[in-house]
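Student: For the protein sequence lines, the chains are A and B, in the order given. Numbering-wise (my numbering), the first sequence opens with residue 1 and increments by one. Numbering-wise (my numbering), the second sequence opens with residue 1 and increments by one.
If you are wondering where the hints come from, they were derived from the structure by calculation, not from laboratory data. Each hint should be verified, as a subset may be incorrect.
Lysine to any residue pairs mimicking SDA-like chemistry, simulated, CA-CA at most 25 Å apart [unchecked claim]:
1) A:Lys34 with B:Glu84
2) B:Lys86 with A:Lys300
3) B:Lys129 with B:Lys265
4) B:Lys265 with A:Gly280
5) B:Lys233 with A:Gly280
6) A:Lys120 with B:Phe78
7) A:Lys300 with B:Thr296
8) A:Lys104 with B:Phe264
9) A:Lys300 with B:Lys265
10) A:Lys120 with B:Glu343
11) B:Lys129 with A:Ala33
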Amino acid sequence: MCPLPLRSYDVRLESEMNQPLDFNRLLRLKPVAKVFKSEITGVIRLTEMEKLFHIRIIDDAERERFSFLPGQFVMLEVPGYGEVPISISSSPSNKGYIELCIRKAGTVTNALHRAHRGAKVGIRGPFGTNFPLERMEGQSILLIAGGLGLAPLRAPIFHVTENRSDFRDVHILYGTKDPDQLLFDYQYEEWRRIDDVNIQVIVEQANDSWKGPVGLITKLLDNVTIDPNGTYAIVCGPPVMFKFVCGQLSQMGIPMDRMFVSLERRMHCGMGKCCRCNVGDTYTCTDGPVFDYWSVINLKEAI
Amino acid sequence: MLFKILSKDGFRSLVEIILQSNEIIAPKKIGTKADGDPIHQFLPVTSFEEMDLDYRTTEYSAKTYFLPYRENLCTFDFEADDWEQKIAYRMQPRAIIGLRAFDINALTKLDKVFSKGRFPSPYYISRRKNTFIVGIDREPLEDEFCQSIGADIVTHGFDLFMTDLGDRYFVAVDSDRGFNLLNRVDVREVTDEDTQAYKEVRKRIQNGFKTKINLSNLPNLLDLEFTSEVWKKWGDKCLSCGSCAMVCPTCYCYGVSEEVSMDFKEGARVKQLYSCNLLDFARVAGGHNFRPDQETRLKYRYYHQHRGFLEDYDEPKCVGCNRCGRVCLAGISPAAVIRDLYEENV
Ligand SMILES: Cc1cc2nc3c(=O)[nH]c(=O)nc-3n(C[C@H](O)[C@H](O)[C@H](O)COP(=O)(O)OP(=O)(O)OC[C@H]3O[C@@H](n4cnc5c(N)ncnc54)[C@H](O)[C@@H]3O)c2cc1C
Ligand code: SF4
Ligand code: SF4
Ligand code: FES
Numbered sequence: 001m002c003p004l005p006l007r008s009y010d011v012r013l014e015s016e017m018n019q020p021l022d023f024n025r026l027l028r029l030k031p032v033a034k035v036f037k038s039e040i041t042g043v044i045r046l047t048e049m050e051k052l053f054h055i056r057i058i059d060d061a062e063r064e065r066f067s068f069l070p071g072q073f074v075m076l077e078v079p080g081y082g083e084v085p086i087s088i089s090s091s092p093s094n095k096g097y098i099e100l101c102i103r104k105a106g107t108v109t110n111a112l113h114r115a116h117r118g119a120k121v122g123i124r125g126p127f128g129t130n131f132p133l134e135r136m137e138g139q140s141i142l143l144i145a146g147g148l149g150l151a152p153l154r155a156p157i158f159h160v161t162e163n164r165s166d167f168r169d170v171h172i173l174y175g176t177k178d179p180d181q182l183l184f185d186y187q188y189e190e191w192r193r194i195d196d197v198n199i200q201v202i203v204e205q206a207n208d209s210w211k212g213p214v215g216l217i218t219k220l221l222d223n224v225t226i227d228p229n230g231t232y233a234i235v236c237g238p239p240v241m242f243k244f245v246c247g248q249l250s251q252m253g254i255p256m257d258r259m260f261v262s263l264e265r266r267m268h269c270g271m272g273k274c275c276r277c278n279v280g281d282t283y284t285c286t287d288g289p290v291f292d293y294w295s296v297i298n299l300k301e302a303i
Numbered sequence: 001m002l003f004k005i006l007s008k009d010g011f012r013s014l015v016e017i018i019l020q021s022n023e024i025i026a027p028k029k030i031g032t033k034a035d036g037d038p039i040h041q042f043l044p045v046t047s048f049e050e051m052d053l054d055y056r057t058t059e060y061s062a063k064t065y066f067l068p069y070r071e072n073l074c075t076f077d078f079e080a081d082d083w084e085q086k087i088a089y090r091m092q093p094r095a096i097i098g099l100r101a102f103d104i105n106a107l108t109k110l111d112k113v114f115s116k117g118r119f120p121s122p123y124y125i126s127r128r129k130n131t132f133i134v135g136i137d138r139e140p141l142e143d144e145f146c147q148s149i150g151a152d153i154v155t156h157g158f159d160l161f162m163t164d165l166g167d168r169y170f171v172a173v174d175s176d177r178g179f180n181l182l183n184r185v186d187v188r189e190v191t192d193e194d195t196q197a198y199k200e201v202r203k204r205i206q207n208g209f210k211t212k213i214n215l216s217n218l219p220n221l222l223d224l225e226f227t228s229e230v231w232k233k234w235g236d237k238c239l240s241c242g243s244c245a246m247v248c249p250t251c252y253c254y255g256v257s258e259e260v261s262m263d264f265k266e267g268a269r270v271k272q273l274y275s276c277n278l279l280d281f282a283r284v285a286g287g288h289n290f291r292p293d294q295e296t297r298l299k300y301r302y303y304h305q306h307r308g309f310l311e312d313y314d315e316p317k318c319v320g321c322n323r324c325g326r327v328c329l330a331g332i333s334p335a336a337v338i339r340d341l342y343e344e345n346v
């Protein structure tokens, strides 16, 4: 009897990735392992710990297909070091490059901080849910960030300021520990000059040169009057902040499903496979990172 | 489902045909325990005699042939300031012979995670599609609770599934390639007598399941008992060794790390299976650990098995093989933990 070689089934999903990528969650196949090779086109030092990287996908076709929504993140690959999830910090309308604001925290992020203009990195994504800005149109918006939370919040800030007429009152509130930790301090003035945007910055501990208010971020909320039925809030920052800020917003009458927060967990895939980002019965990478606050308090041990 | 009768000699020629040009993985006896019971593992075999289909269970599941413990997701070739990414999948066909029903059900659960949904995994799919699966019905061990979970019978996810009727096999055929292969050996149609004999054997196997667990309302119970002392009781015993996840046929969580060769010319992104019981599972940069104690980590393993997975796929992830219970040095077994949850034994 002749031997029977079992037939080999060639399954190459990567080829599917050359089809137009449409990140509206309808497309079935998305980048699984292939990274878009990208170049660091610029580095901006923000503070001792954070740098802003301008990153451009090298391939023209890949770059044109890449688009994201505010709140989504990419997996940033530094070959030889590893891969980390980083929120996209630039305007969604900017098609040329994305900006990533990265804090020095460990192996990969330290390696990045040593990288110069011209270095080649890889990105996969974008992944995750976004802040539902289209739902907020015609309503007032509170954009609140603490510390590094301004990095993910910048994308919705850009969207709102670029489309100012789609929204009613816009308040941007930002707080950090001390003035040295303020991110993007060169940008507040720009935002402040935009007609009819209320931006306020607060620090917990002032130094000699600080002229602004001192205290916790919740203090800024005391100066804000809102119409509880027509206001959405986006809150980014450390989990402790969610409890206080969202708690106060609740008292001001904003329903919990109109507050959006971005959660952070350890991530190794971004695709709902590795389970590292699991909270309760959901995955931060695919069901989040953006959750409405009602879902968050109903998730076990989310904050 | 199509059924056929395969003679024992026919089965031997079937195995030999496959072996002529393919690798076969089958239960193989690798030693004896202190109490005299044989130890089996799924390993490559080179002859019909090497396989031992009279096995009861294996220490490790066969998942490693689909989700290897260690696998390169991609490699990087470094050159001056540049690099090139290379991606490759395993595509050589092979056959796994002798999977029991629950192990095949475990694969269909993994299929749901890795073959379907928004991000199908080419690494998994290429292995799964290129694996020919021959299952076998065996009498259960006392501590297996597959029946309570409904994983003791299998209806799809294999190519051939055999039930031993003494001098012949009753074979269920679930794929075209299985059908073609069968037709090359000594098979015949099923007679009433065969069906009768098959039902007898099935009844005997069904009655062999002695361990029962109560699964009704378990998802809700897991929510309600989230802060129960039961987790502390069992968590305190747990050694955070991760063995339970390694032997489990459905535990699939992993970590990814990167390696560079000594001459800095090559790098690789390596995926390694992980366990949610390991200490740094949810540790993030800066040192914060979202699950710092054994209790929470152990709880989450059960929570994923019987609550989280159900949320996504409408069925528990566990198939009741009790491999984790047997391997655990601390004596933690699902049947006992779940019973304690119901009875609030703290
Ligand atoms: C959705 C999301 C958005 C993020 N956005 C930003 C951002 O805009 N700017 C920024 O500076 N940081 C951001 N982070 C945190 C950033 O991912 C971690 O600081 C980074 O992974 C640390 O990696 P490391 O290799 O330097 O640290 P190490 O401690 O050496 O980490 C080793 C590995 O653990 C994993 N890991 C460790 N900490 C985290 C973490 N906090 N989150 C996820 N994975 C982790 C990574 O896979 C990493 O490769 C974000 C995290 C998430 C989940
Ligand atoms: S439950 Fe048992 S096998 Fe699993 S990690 Fe704990 S001690 Fe190890
Ligand atoms: S009994 Fe244990 S090893 Fe077997 S499937 Fe369930 S959790 Fe996994
Ligand atoms: S990052 Fe892997 S499951 Fe979310």
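Student: Against this structure, judge whether each hint is valid.
Tutor: Verification of the supplied hints:
1. At roughly 11 Å between alpha-carbon atoms, Lys34 of chain A and Glu84 of chain B fall within 25 Å of each other, so this suggested pair holds.
2. Of the supplied pair hints, the one linking Lys86 of chain B and Lys300 of chain A is violated, its CA atoms being roughly 40 Å apart against a limit of 25 Å.
3. For a cut-off of 25 Å, the pair hint linking Lys129 of chain B to Lys265 of chain B is broken: about 33 Å separates their Cα positions.
4. With a C-alpha separation of about 42 Å, the suggested pair Lys265 of chain B and Gly280 of chain A falls outside the 25 Å cut-off, and the hint is violated.
5. For the suggested pair Lys233 of chain B and Gly280 of chain A, the alpha carbons sit about 21 Å apart, so the restraint of at most 25 Å is met.
6. Simply put, Lys120 of chain A and Phe78 of chain B have alpha-carbon atoms about 11 Å apart, close enough for the 25 Å limit, and the pair holds.
7. For the given pair, Lys300 of chain A sits about 11 Å from Thr296 of chain B by alpha-carbon distance, which is consistent with the 25 Å threshold.
8. Restraint check for Lys104 of chain A and Phe264 of chain B: the C-alpha separation of about 24 Å stays at or below 25 Å, so the hint holds.
9. This hinted pair does not check out: Lys300 of chain A and Lys265 of chain B have alpha carbons roughly 45 Å apart, beyond 25 Å.
10. The suggested pairing of Lys120 of chain A with Glu343 of chain B is violated, with an alpha-carbon distance near 58 Å, which exceeds 25 Å.
11. Distance hint between Lys129 of chain B and Ala33 of chain A is fulfilled; the C-alpha atoms sit about 19 Å from each other, no more than 25 Å.
Hints 2, 3, 4, 9, 10 from the list above are not met by this structure, while the remaining hints are.
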